[in-house]
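Asker: The residues making up each chain are set out below.
There are 2 protein chains.
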Amino acid sequence: MIELNQVYTHDFQFTQDDVIKFADVTGDHNPVHLDPVYAATTLFKKPIIHGMLGAAVFSKVFGTLFPGDGTIYLKQSLSFRNPLYVGTAYQAVFTVLEVEKEKNRLTIETLIKETGTGTLITKGEATVMVTPDKLS
Amino acid sequence: MIELNQVYTHDFQFTQDDVIKFADVTGDHNPVHLDPVYAATTLFKKPIIHGMLGAAVFSKVFGTLFPGDGTIYLKQSLSFRNPLYVGTAYQAVFTVLEVEKEKNRLTIETLIKETGTGTLITKGEATVMVTPDKLS
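Order-wise, the sequence lines are chains A and B.
Its first residue numbered 12, the first sequence is counted upward by one per residue in this note's numbering.
Its first residue numbered 12, the second sequence is counted upward by one per residue in this note's numbering.
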C-alpha cells in the first residue's frame with residue numbers, strides 16, 4: 012500500500028559507457044557529455060551525464076519498482092541544480108506528497124542527491140496514475 | 012540570433028530497437044515498452060515508447076541544434092498527454108517564450124506533436140542558459 016509521506020529510495024550510478032549509449036539512442040551527442048577535452052573548457056571541467064539520463068531513473072522506478080507495474084506517467088517537472096558525473100554514487104529519493112484515491116493518482120517529490128555529500132542534483136515533482144490495488 | 016517568438020522544429024521517430032537500447036541503458040524495463048503481449052492488456056494496446064525517450068529529444072535539440080553548443084539545461088516541465096509509438100513520425104516544436112538577455116536565459120515552450128495528425132503528445136516548458144553570442 013502506498014501512503015501519504017511514504018519515502019522510497021533508489022541507489023544508482025552510471026558509467027561513461029552508459030552515457031555513450033544514451034547519446035547514441037537519443038542522438039544527443041553534445042560534446043559536454045562525451046569529450047573530456049571539450050568538457051575541460053566548460054564550467055563543469057569534466058564530462059557530465061545528460062540530465063535526462065538522470066531523470067530516466069525516475070521513470071524506471073515508477074514503472075518497475077515504486078509504485079511499479081501498471082503505473083502511468085502523467086507529469087514530471089525537473090530542475091537541474093548540479094551535474095551528475097560518471098562513477099559517482101547517487102540516490103533518488105521519492106516522497107509521496109499527495110494521494111488522490113478517487114483518481115488513482117499520486118503526486119510524488121522526486122530528488123536526486125549525491126550519496127556521499129547529500130548535494131542536491133535534480134529536484135522535481137511527478138504525477139502518476141496507479142492501479143487501484145496500490146492505494147486500497 | 013535567437014529572438015522572442017522564434018519557432019524551431021525537429022522531426023524524429025524511434026524504432027523498437029531504440030526503445031530496447033533506452034530500456035537497457037536506463038534500466039527501465041517496464042513491459043509496457045517492451046512486451047507486445049503485456050502491452051495488449053493495457054489501455055495502450057501496443058508497446059509505447061518511454062516518455063523520457065521522447066523528452067530526450069528536447070535535450071538533444073537544446074544541446075546540439077537550437078540553441079546548440081554551450082547551452083546549459085536548467086529546467087524542464089513535462090506533461091505526457093498521449094503515448095509515442097515506434098515507427099510513427101513526430102515533430103518537436105520549440106517556441107521562444109521569454110528572452111532574459113542579462114541572465115543569458117531563454118524560456119522555451121516544448122511540444123511533441125504527431126506529424127500526420129497534429130495530435131499533442133507531450134507538452135512542457137524549458138529554461139536554458141545560452142552563450143552570450145546567441146542573444147547579441
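Among the hints, erroneous ones may be present.
Restraint ranges, calculated between C-beta atoms of paired labels, are given here [to be verified]:
hint: 1; chain 1: B; residue 1: Glu-14; chain 2: A; residue 2: Asp-144; range: 18 to 26 Å
hint: 2; chain 1: B; residue 1: Glu-113; chain 2: A; residue 2: Thr-142; range: 43 to 51 Å
hint: 3; chain 1: B; residue 1: Thr-26; chain 2: A; residue 2: Gln-24; range: 27 to 35 Å
Derived from the structure by calculation, the hints contain no laboratory data.
Where a beta carbon is used, it is the ideal one built from N, C-alpha and C, also for glycine.
Asker: Run every hint past the structure and note whether it holds.
Answerer: Here is what the structure says about each hint:
1. Glu-14(B) x Asp-144(A): 18 to 26 Å: Taking Cβ atoms as reference, Glu-14(B) and Asp-144(A) lie about 51 Å apart, which means the hint is violated.
2. Glu-113(B) x Thr-142(A): 43 to 51 Å: 48 Å, holds
3. Thr-26(B) x Gln-24(A): 27 to 35 Å: Since Thr-26(B) and Gln-24(A) have Cβ atoms about 28 Å apart, the given range 27 to 35 Å holds.
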